[in-house]
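Chains as they are written, first to last, in UniProt numbering: chain A, 1 to 70; chain B, 1 to 569.
Every clue listed holds true.
Short, incomplete list of chain A residues facing chain B, as computed with Cβ under 8 Å:
1) P4
2) P8
3) R10
4) P11
5) R20
6) L39
7) L46
These are calculated hints, taken from the structure and not from any lab test. Virtual Cβ for every residue (Gly too), placed ideally from N, Cα, C.
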Amino acid sequence: MNAPVTRPPRPGLLRRLAARLRTIAGLVLHFLHPARFVLAPLLIVLLLAGVLLWLTGGLAYVAPFVYTLF
Amino acid sequence: MARVLGISAHYHDAAAALVVDGEVVAAIQEERLSRIKHDPGLPLAAAFACLQHAGLRPGDLDAVAFYEEPFAKLERVLVHLLRHLPRTWRAFPRALAGQLGSKIWVLDHLSEGLGVARDRVVRFDHHRSHAASALLVSPYERAAVLVVDGVGEAHATTIWDGRGYDLRLLASVDFPHSLGLLYAGLTAYLGFTVNEGEYKVMGLAAWGQPRLREQFARIVRLTGDGAYELDLACFAHMSDADLGFGPALERLLGPRRPPGRPWDFEREDDRHYADVAATLQAVLEDILLALARKARALTGADHLCLAGGVALNALANARLQAEAGFARVFVQPAAGDAGGALGAALLAARERGDPRPAPLRTAALGLPVDADRARDVAGELGLPVRRVDEPAAAVARLVAAGKIVAHARGRFEWGPRALGQRSLLACPRDPATRERMNRLIKEREPFRPFAPAVLSERTGDFFAAGPDDMTPFMTTTARVRDDARERLGAVTHRDGTARLQTVEAARAPELHAVLTELAALGHDPVVLNTSLNGAGEPIVAGAEDALAFWLRHGVDALVVEDLLIERSP
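Taking the hints into account, I'd like the entire structure generated from these sequences.
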């Protein structure tokens, strides 16, 4: 049996941010297809809501907005 | 030449598979290590275990391949949530939270969790990954590939033309029409847990008669071109991820069965539920047969590979082998979502110029069991452990004496079937053994069958079929010969079939040795072989799991490599 593989440390904030931006760019490219334009507004609203939740750290501050969405 | 790690995750049965220079080196389901049955989480423990087995570090990997396109899946979820409003309004927040909260970031999470550069993390289509997992480890150069599961990104069923390393999509049936979700909905209707109880439905089918074809003709129908469609009013998988079926199904088939109620076939309603299972099985087989015939017509191939969760339906596979017109049929042992990890790894290896792997010879692709660790822990627990020179002979003597033996030797298996490396072994003769196993050890429904494992060259002595490409992996069934039924009383199902495993030394050497010893003792070279786990537990992986199983369950003996523990009479 080989020695256990050491798990890597969590990457720094900048590296994680770069990865997330890459994923968002891929997501935007995917939904830029003409057949998917109709979904873009919904996706933008959902992503903004997600960013809002992330920035505020919870639902309490943004509950009124979320209520209007759903 | 490349080192590629394939990953499947975020639905059920997450797994990792490592392919090095075009050869499958290791493949492990996360549940074996996390000890959470059907664990859907990111399989980092399985991934690191694969690397450890191969002596690699994450930095040595040329690619990490995910088995699904996250954005295409998000698109399908969005489209169907919107299309089925207002039915979906309750599911909307939860579904979107799951997608946007974690699933679309899965490639980032893999990069960070494994410590691999983000640009080395790639992804492939869900059904293409399934198709690759079957074709590329099959013994066939040319084959039709039929993938049938719940749903991937959009496809629920696909037919592929497989040539060498190439896969060409020929036809598909898209969500929400899905055989996997049909089976899941009826599994829930019968009171079983979805993604867990499908095997129970298959076992239950033998206790009923397919009397409800008229009702099922309204639930699902063939469309004439070899495809099928569901009556969506009967189902709820577009709007309710938990339930799976709708009120229209209960209007057709009667009220759902309460979960957890003990089964009693003296009751009229339980006989009705068995008829539901039997009709579902018959209808599923008819549709799969139509799909397979369509695949043969489209490809002209002589061989068929099956993948997707529905390909684990051993009864249907036997019927396809007999009636679909293909000379040979292959189903790899982890045909469900776990298998997608293997397919994705093979697709990425191909892109990096690796050769196609050799046909899969064995399912023993997991970690070995550590006998030294078992001896140390058993010693600390004060268990009467002793070393034996010939473990196979010791196991054979115990089985011949009517004992139930927990058998943990070699590397554990890939997929849901125990194939001798992590098995409970017993004499296949006495139906009372089945009762003891079902009620006391496995704690499961009394109607569920057990499988036999037989020396490959002696298969014809007991079964009305010889070894084929599926029998080494227990993914098909065969009729038990009339003159062998008494000798195989504990493993012959009510319908006269058994989900047999044919055993060769090259594929399962430890189990082969046990069967050879049984023959040398003058017994039939057949054992009852069922998975080494209790109710709701994943199959045993390591030494601690094996000892924990021994402590919890009333088996007569435990063998861990060359260590033996026997229960005092």
